[in-house]
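Q: Chains as they are written, first to last, in the working numbering: chain B, 2 to 241; chain Z, 15 to 254; chain L, 221 to 446.
Hints may be right or wrong, so weigh each one.
What the hints assert, rightly or not - Interface residues of chain L toward chain B, partial, derived using beta-carbon atoms under 10 angstroms:
#1 Val-281
#2 Pro-311
#3 Asp-313
#4 Val-394
#5 Trp-415
#6 Phe-440
Claimed, not checked - As a list, the in silico DMTMM-like pairs of lysine to aspartate or glutamate whose alpha-carbon atoms are at most 20 angstroms apart:
#7 Lys-126/Z x Asp-384/L
#8 Lys-126/Z x Asp-417/L
#9 Lys-246/Z x Asp-190/Z
#10 Lys-126/Z x Asp-313/L
#11 Lys-299/L x Asp-140/B
Read the hints as simulated data drawn from the structure, not as lab findings. We treat Cβ as the ideally placed atom computed from N, Cα and C, and that holds for glycine.
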Amino acid sequence: MAELTTRLRITPFGVICLVGLIISLYLSLIWAPRERVMGDVQRIMYFHVATAWIAELAFLLVGISSIIYLWLRERKWDIVAYSAAEVGFVFCCFVMITGPIWGKPVWGTWWTWDPRLTFSMILWLIYVGYLMLRVYGDDIPQVKTFLAVLGILGTLDIPFIHFATMWWRGLHPDSLVMSEEGLGAGMEVDMRIALAVSAIVFTLFFFYLMGRRMALERLRDETEDLRDRLEYMNNDNIRN
Amino acid sequence: MEVKVNNQFTPSIRLQNLTKVYGRFRALRGVNLEIAPGTFLALFGPNGAGKSTLLNMIAGLIQPSRGALFLDDINVTHGRDECLGSQVGVLSYDTYLYDELTVNENLQFYGKLYDIVDPSKKIEEMLVAVGMSSRSESRVYTLSHGMRQRVAIARALLHDPDILLLDEPYSGLDQDALVTLKAILTAYNKTVILVTHDLDRGLELADRVVILNRGYVVFDTPKNGLTSDQIKCFYKEHSV
Amino acid sequence: MRYLLAKSWQIYRKDMIVEYRTRERVVTMFVFSLIVMVIFNFAFNIGSNFIERVVPGMIWVAFSFAGMLCASRCFASEKDRATFDGLLLAPIDRGSIFLGKLFGNITLISLVQLAVLPLFIIFFNMTIFPYLTKLLVIFFLGTIGFSSIATLFAAVAINTRMRDVMLPVLLLPVASPILIALVETTRTTFEGGDWQDMTNWIRLLSVFTVVFLVASVMLFEYILEE
């Protein structure tokens with residue numbers, strides 16, 4: 002069993018996630034009752050809401066680990082921040098895609114500037130800025146510090162974005178989307194269960210992906226280290 | 015270990031295994047140097063050897079990746095008190111002068127930043143010493159390169175630094191300026207670290223010669239009658 | 221603290237003298253704002269009934285782009301002329317550099333705002349005299365908040381390969397709450413609204429400004445290390 006795990010590179014946690022995802026898919030797509038007004042397309046909500054909340058959680062993680070990185074200056078916290086950002090970005094993209102897919106049949110339009118979507122859009126742009134800084138700044142030594150600063154400011158920003166986008170469109174817009182997400186009122190018990198399961202499973206899945214990303218980064222570091230030492234030895238030979 | 019030289023204080027400098035890595039490029043590799051107070055050290059080496067990096071590190075502009083830097087047994091590796099900034103005077107090919115301001119305004123600005131008491135008097139002294147007092151009200155952009163370098167010399171010495179760091183100061187200087195600089199350096203009796211490609215001039219005033227190559231110290235000896243030809247031979251032998 | 225401010229004042233003063241002699245930033249910012257005005261006019265084909273809806277947004281697009289230009293240039297010129305190291309070598313707190321640059325940016329952006337606003341009034345036939353104080357307060361608050369993060373991100377952006385181009389990408393998403401607040405308060409003011417009509421927005425504006433001003437001052441230190 003252990004050998005199988007190593008060869009297939011799946012950890013026990015990964016297996017749990019996989020099982021969880023299958024269960025969640027079943028609950029969301031088959032088990033949960035069909036929504037009266039919107040029909041089956043409403044089932045996207047289970048994934049859309051879960052990933053939306055994770056996209057926010059991920060950036061919060063970026064912010065916290067950025068603060069710790071600036072304080073302790075340990076590479077591992079930079080790895081945590083960057084991995085959270087990359088995986089969080091993927092989840093955020095998922096939100097941006099499922100939103101319109103859900104929206105078109107329901108609202109008749111691909112996009113509305115409602116607070117939820119606008120918030121996600123701005124968050125997505127902050128993610129993009131963060132990743133771009135990493136890509137276009139990889140040749141400068143202070144890039145990790147820059148990223149940490151951006152991460153902290155972005156996280157500080159989140160409550161402001163939340164309120165600004167909410168007030169911009171009137172205080173409490175009463176679309177079905179908002180009321181379902183906000184309080185879970187307007188949803189049957191079964192739907193709430195499916196949603197809760199979905200949220201938990203996707204969160205686990207996020208941490209699984211993040212773990213893998215961090216492992217990849219650590220491997221990269223190790224390779225660099227080995228390369229360093231090899232070069233060092235070569236140079237020592239040249240010197241002597 | 016402070017040494018009072020002519021009633022003026024100058025600190026000892028100690029570099030301990032100083033390493034600086036920029037991504038994959040190693041600018042400095044484990045440099046160990048002990049510089050006694052009052053030493054005039056000439057630092058030679060080919061381009062890319064790490065000379066400027068070393069100077070910048072002593073100046074406090076760059077932090078080492080590994081190793082430690084001590085000024086008078088105070089560990090300044092990870093940053094220093096602002097007041098220690100006044101210990102160091104830097105003369106580089108960048109003049110640090112603002113084109114649109116006059117010579118006097120530039121020096122007044124730096125005078126205030128360095129907390130010099132009665133800056134005007136000191137500025138006048140320095141300008142006379144470098145032969146630029148007639149142009150004190152000229153805007154810097156009207157000056158030739160040689161003249162700007164002379165003002166830069168005044169700027170570097172304005173606050174009576176305890177350590178003088180010179181990075182290619184002879185480049186672009188006219189005959190007059192060269193004479194002036196030599197006179198000033200001869201009169202200056204505190205620690206000097208001079209980086210230059212001009213072997214003859216470098217050797218003129220030096221007490222000690224260090225050669226850097228590819229981030230390593232490859233040669234470190236008191237001057238003792240060393241000639242520039244000998245150094246050129248050494249360069250060739252070690253394909254430096 | 222006074223020590224910090226004294227050094228900031230020196231840097232601020234130096235920057236203002238340089239700017240006074242070259243006028244490079246204010247002129248570019250002013251012209252840029254005018255261009256934005258003209259382009260928006262064509263883009264939105266404004267008839268007189270839509271003015272109040274569009275002009276607040278237009279004003280703040282113009283000011284935010286001018287603001288980015290200003291922040292970008294304040295570090296770019298130091299880096300291009302290699303005078304930045306001169307500041308770093310001096311025995312001053314890094315925070316003084318930030319504050320000096322920040323005050324400079326706020327001053328220049330405010331000057332441009334004061335110059336451009338009358339033009340907006342003229343070109344779009346708006347009445348703002350009754351609301352002048354409100355507008356000035358909003359502009360001032362907003363400028364401080366926006367400039368804080370703009371100055372900080374400009375210091376980051378100037379160190380990257382892409383330099384100035386990086387600034388909008390980093391700054392604008394983070395600045396969106398304050399920009400939204402500024403547009404909304406400006407719009408409410410133009411429509412004759414009173415302070416109580418926009419308490420939420422003013423609150424957001426103020427808190428944002430304070431939080432990000434403090435955060436920027438604290439984080440600037442880290443940006444300068446190498």
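Q: Confirm or reject each hint.
A: Hints and how they fare:
1. For Val-281/L, the interface hint is violated, since its Cβ never comes within 10 angstroms of a Cβ in chain B; the closest pair sits about 16 angstroms apart.
2. Nearest Cβ of chain B to the Cβ of Pro-311/L: about 22 angstroms, over the 10 angstroms cut. The hint is violated.
3. At a threshold of 10 angstroms, the smallest CB-CB gap from Asp-313/L to chain B is about 18 angstroms, leaving the interface hint violated.
4. Checking Val-394/L against chain B by beta carbon gives a least distance of about 5 angstroms; that is within 10 angstroms, so the hint holds.
5. A hinted interface residue such as Trp-415/L counts as satisfied when its beta carbon comes closer than 10 angstroms to some beta carbon of chain B; here the least separation is about 16 angstroms, so the hint is violated.
6. Taking 10 angstroms as the C-beta contact cut-off toward chain B, the hint placing Phe-440/L at the interface holds, the least distance being around 9 angstroms.
7. For the hint pairing Lys-126/Z with Asp-384/L, the CA-to-CA distance comes to about 31 angstroms; that exceeds 20 angstroms, so the pair is violated.
8. This hinted pair does not check out: Lys-126/Z and Asp-417/L have alpha carbons roughly 48 angstroms apart, beyond 20 angstroms.
9. A C-alpha spacing of about 27 angstroms is found between Lys-246/Z and Asp-190/Z, which places the hinted pair above 20 angstroms, so the restraint is violated.
10. Under the criterion of a C-alpha separation no larger than 20 angstroms, the hint pairing Lys-126/Z with Asp-313/L is consistent with the structure, at around 14 angstroms.
11. Distance restraint check for Lys-299/L and Asp-140/B: the Cα-Cα separation of roughly 17 angstroms lies within the 20 angstroms cut-off, and the hinted pair is therefore satisfied.
Violated hints for the displayed structure, listed by number in ascending order: 1, 2, 3, 5, 7, 8 and 9.
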